[in-house]
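Position 298 of the sequence shown, counted from 1, bears residue number 1671 in the working numbering, the numbering being contiguous throughout.
Keep in mind the hints are simulated off the structure, nothing from the lab. Each hint should be verified, as a subset may be incorrect.
What the hints assert, rightly or not - Per label pair, the in silico range of CB-to-CB distance: (1) Ile1400 / Gly1552: 48 to 58 Å; (2) Leu1546 / Asp1655: 46 to 56 Å; (3) Leu1546 / Thr1412: 54 to 64 Å; (4) Arg1407 / Arg1635: 38 to 48 Å; (5) Asn1716 / Arg1628: 20 to 30 Å.
Claimed, not checked - Simulated crosslink set (EDC-like; lysine to aspartate or glutamate; CA at most 20 Å straight-line): (6) Lys1680 / Glu1573; (7) Lys1663 / Glu1573; (8) Lys1672 / Glu1734; (9) Lys1672 / Asp1645; (10) Lys1570 / Glu1554; (11) Lys1627 / Asp1655; (12) Lys1542 / Asp1614; (13) Lys1660 / Glu1731; (14) Lys1597 / Asp1638; (15) Lys1663 / Glu1731; (16) Lys1564 / Glu1632; (17) Lys1564 / Glu1654; (18) Lys1588 / Glu1540; (19) Lys1570 / Glu1637; (20) Lys1702 / Glu1458; (21) Lys1542 / Glu1458; (22) Lys1564 / Glu1554; (23) Lys1434 / Asp1714; (24) Lys1702 / Glu1540.
Predicted model only: the values in this text are computed from it and were never measured. Beta carbons: idealized from backbone N, C-alpha and C, even for Gly.
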Amino acid sequence: MVTNVGEELSRLVSIRSESGYEQEILIYLEERLRGLGLTPFRQMVVDNRFNLIWSGCPDPKVLFSAHVDTVPAFGHPDQYSPRLEGNRLYGRGSVDTKAGIAAILIALEMAIEDGIELNNCAVAFTVDEEREGLGSRVLPQAIRARGAVVLEPTGLAICPAEVGSIEVKIEILGTPAHGGEFETGQNPILKAVSLIKAFENLSFVRNGYHPLIGKGGFNVMEIKGGGDVLLVPERCELFVDFRILPGQDVEAAKRELSELFRREDVRAEFVDVEPPFELKEDEPVVKLLKQAYYRALGKEPRIGGIKSWTDAGYLVLSGIPSVVFGPGKLSVAHTPWEYVDLNEVEAAARVLRVVIEEVCEFI
């Protein structure tokens, strides 16, 4: 009997699995797969953290991958208690990306119940996607596949394109002065405001456009400075994420940023740089997913691009063509009101079940 989607997802959301603390949910998933008659194995990643992997053969045609870690609740502990309102299930990790995990599990159950031998597909549940992507970085050392479907919230759009990113920490120094004589100091917060405006004129930001993703841009994720009463601050710090579109040159963007930082005389550190990617629509894994979508849901899929780095990035770099797909809205991920529509989770499971049928054999 196939598990109810809401029950499955509620169990997953109720297990806290912030980055670095994924063991409990992985043990649950290990037992869950064993309950389906599958024998997963652990791939050690770092310390006691591991990816959980199952494969029906040494060279599977398709790998389903989803990360188990979530961002913290950010002061909203009630997010670990799943809440159902209509067809929406609320809770931390509900859409990012435990809905994808639930879709994989339900798809496996449906395929087994329909008598499909799981002999040409594989599953990976990875750690650390929300931090450094350590899990997906080493995953290809343990399993190779001819293509991968990485579960992330895309609103059920099939996404063969993904942005890259350049994350930069910036330190701007000022000259302290008494707040009553602020003209005698140099305020680094004002310089930070000017620098942020200058980002808008960077060529890769201003001219960036991709038909599946949209415009380029940047997000000021953090700004710190000041705090002392009646004092011009001594420093201001920025943490900025620049979006790099498929077709844009990451190294050229870094050079343009470095030149701006040199002109403005600020200190900057590139803390994370990830390239974008784009698969052609005739790539076998893209065609497979499109065909499965039509068979499962009776309509043509929407083709899109995802505006965030995912585990697919490292899989593509390792030579595994990967497409991003899954239920829910990326815009509500990481927020206090994170949720997913259970109808979309069920639809995603139906699509994955057809993918399994396409690559595997009936008993």
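Here is what the structure says about each hint:
1. In this structure the supplied range 48 to 58 Å holds for Ile1400 paired with Gly1552, their Cβ-Cβ distance being about 55 Å.
2. The beta-carbon spacing between Leu1546 and Asp1655, approximately 52 Å, falls within the hinted interval of 46 to 56 Å.
3. Our hint of 54 to 64 Å for Leu1546 and Thr1412 holds, since their Cβ atoms are close to 58 Å apart.
4. Under the hint 38 to 48 Å, the C-beta atoms of Arg1407 and Arg1635, about 57 Å apart, miss the expected range.
5. For the hinted restraint 20 to 30 Å between Asn1716 and Arg1628, the CB-CB distance of approximately 47 Å leaves it violated.
6. Note on Lys1680 and Glu1573: the hinted pairing holds, with a Cα-Cα distance of about 18 Å set against a maximum of 20 Å.
7. Distance check on the hinted pair: Lys1663 and Glu1573 sit about 37 Å apart at the alpha-carbon level, beyond 20 Å; violated.
8. Between Lys1672 and Glu1734, the direct Cα distance comes to roughly 25 Å. Violation of the 20 Å bound is thereby established for this hinted pair.
9. Restraint check for Lys1672 and Asp1645: the C-alpha separation of about 39 Å exceeds 20 Å, so the hint is violated.
10. The straight-line distance between the Cα atoms of Lys1570 and Glu1554 is roughly 26 Å, outside the 20 Å bound, and the hint therefore fails.
11. Between Lys1627 and Asp1655 the alpha-carbon distance is near 32 Å, which puts this suggested pair outside the 20 Å criterion.
12. For the hint pairing Lys1542 with Asp1614, the CA-to-CA distance comes to about 9 Å; that is within 20 Å, so the pair holds.
13. Restraint check for Lys1660 and Glu1731: satisfied, since their Cα atoms lie roughly 11 Å apart, inside the 20 Å limit.
14. For the hint linking Lys1597 to Asp1638, the alpha-carbon distance of about 18 Å falls within 20 Å, and the restraint holds.
15. Distance restraint check for Lys1663 and Glu1731: the Cα-Cα separation of roughly 12 Å lies within the 20 Å cut-off, and the hinted pair is therefore satisfied.
16. Between Lys1564 and Glu1632 the CA atoms are separated by roughly 16 Å; this keeps the pair inside 20 Å, and the hint holds.
17. Taking the CA atoms of Lys1564 and Glu1654, the gap is near 45 Å; set against the 20 Å cutoff, the hint is violated.
18. Of the supplied pair hints, the one linking Lys1588 and Glu1540 holds, its CA atoms being roughly 18 Å apart against a limit of 20 Å.
19. Taken as a hint, the Lys1570 and Glu1637 pair is honoured in the structure, with Cα atoms around 12 Å apart against an allowance of 20 Å.
20. Proposed proximity of Lys1702 and Glu1458 is supported: the alpha carbons are some 16 Å apart, at most 20 Å.
21. In summary, the hint linking Lys1542 to Glu1458 is not supported, as the alpha carbons are separated by about 40 Å, beyond the 20 Å threshold.
22. Straight-line distance between C-alpha atoms of Lys1564 and Glu1554 comes to about 18 Å, which keeps the hinted pair within the 20 Å bound.
23. Only pairs whose Cα atoms come within 20 Å are accepted, and Lys1434 paired with Asp1714 is rejected, the gap being roughly 29 Å.
24. Between Lys1702 and Glu1540 the alpha-carbon distance is near 23 Å, which puts this suggested pair outside the 20 Å criterion.
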